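Read top to bottom, the protein sequences are chains A and B. Reminder that position 96 of the first sequence reads as 96 in my numbering, one-by-one numbering, no gaps. Reminder that position 249 of the second sequence reads as 1249 in my numbering, one-by-one numbering, no gaps.
Rather than coming from a laboratory, the hints here were simulated on the basis of the structure. Note that the structure is a prediction, hence the values are computed from the model and not measured. One or more hints might be untrue.
One-sided and incomplete, this derived list gives chain B residues near chain A with beta-carbon spacing under 7 Å [as the list claims (entries may be wrong)]:
(1) E1007
(2) S1012
(3) T1013
(4) V1104
(5) R1105
(6) V1106
(7) V1109
(8) F1184
(9) S1235
(10) Y1266
Even glycine gets a Cβ: it sits at the ideal position worked out from N, Cα and C.
Okay, here's what each chain looks like letter by letter:
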Amino acid sequence: MTYALPISFSLNGQATAIEVPTHTLLIDLIRDRLGLKGTKRSCDMEVCGACTVLLDGEPISSCTTLAVDVDRREVTTIEGVTPPDGLSRIQKAFVLHGGLQCGFCTPGFIMAVTALLKATPHPTDEEIRHYLHGNLCRCTGYTKIFVAVRSLAAGQVSEDAA
Amino acid sequence: MLTTPFEFERASTIADAIRAVGQEGDGMFYSGGTELLLAMKMRVIHTERLIDIKGIPGLDRIVLNDANELEIGSRCTHAKIAGDPVIREHVPALASLCADVANVRVRSVGTIGGNLCFGEPHADPPTMLGALDARLVLQGPSGTRLVHADDFIRSELETVREPDELLTRVVFPRPAGPVTYRRFKHGERPSVNVAMAWSLDANGRRIRSARVRVGALGSRPQPLKAVEEALQGISVAEVRPAIEAVLPTALDELEVNEDRHGGADYKRHLAGVLLLRNAEEAIAAGGCA
């Protein structure tokens, strides 16, 4: 019977080996067993983007991903893109342009923008809207998030921006 | 919410996967899980065993074969199809459709095969695959059979696929004319969508045949037969009046569910608008084909 499986994967660059029940969801593994609480659960149905993490660099919904599916792969969470001594340039842009209020959706947005800028360092306005339309924010009205990302697309945020 | 517990098995060949699903108890094929896991979390679907097909080589292939047909492996993700050079060259409308399915996270892992097998009426790919005259290759314990995309979805969330049959490939002739697709949506799933594929004569001015499918209105995509007949054999310049002459009747014949996406008259109207816009795009494309 295989109701539990051993998996080994890279979590934010750190080798991680653990046995998980096969029906464990990635978000629960990350938050509850491995203690990284930055990833948020909201809609629980792949629509809102709050739980976004990167799997081999691609954004996925950790709320609807089986933990066994990350075996031998690389998972990156918000903790993995946050420098130990401050904020990343993407995070700084969000702060600078007021791209967050309550902050609950922000980790998901940061992860999505991380993936976007890696694939397309200088996205057009249309590319930004298209890529981020699957991340929901109920505070900002999106305009400030959009402006923050556009500043990154144009390479306007310097390291002293925050 | 968690699903109920299940066994998890990774198959490395198609035969292994079919055998594993067919064992005692209910097993299901599993790839991206973007539809299946949602349903399992809501406890609408229960399975005792998931058979992961992601490790089976060849199911993620996209090729133009010797018969001038495009073949898309069932476990190709929407993102893969959207970015595939062969699809972008020969069926750019399908690449664009896949680039717009749901959201970027769903496109990363969700597959075209999973989308079809779930039989969700509010879906993008089935409508276009009907217009492209696609056949779906189903492999089971006793062999392989082909099912036309039009016949695959039986009704809402129900297909003709047997539980131990694996959808392995989607195959359709390389389009010989413009393919167009439009949808209207409120959330992530289409409220109404319309796909149209024309086969043009050698000089690109006359329509040999046309296939038109309207999706998301009933339990599965529906042909607009009157429009297809009106388009057959006419020149591209005559398209608009030809469609307008038969459109009201054609739309009236559609089966339309009233649901949270809108009332029947409203959705019929939208289908007509989308169709005419597709036609404008096809006329522009057809003129320079």
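These are the hints, each one checked on the structure:
1. E1007: 5 Å, holds
2. S1012: Interface hint status for S1012(B): violated (14 Å vs cutoff 7 Å).
3. T1013: 18 Å, violated
4. V1104: 6 Å, holds
5. R1105: Hint on R1105(B): holds, closest Cβ of chain A at ~5 Å, below 7 Å.
6. V1106: V1106(B) check passes; min Cβ-Cβ to chain A is 6 Å, inside 7 Å.
7. V1109: 6 Å, holds
8. F1184: For F1184(B), the interface hint is violated, since the closest Cβ of chain A sits about 15 Å away, which is over 7 Å.
9. S1235: Result: violated, 35 Å to nearest chain A Cβ.
10. Y1266: 24 Å, violated
Of the hints listed earlier, those the structure fails to meet are numbers 2, 3, 8, 9 and 10, in rising order.
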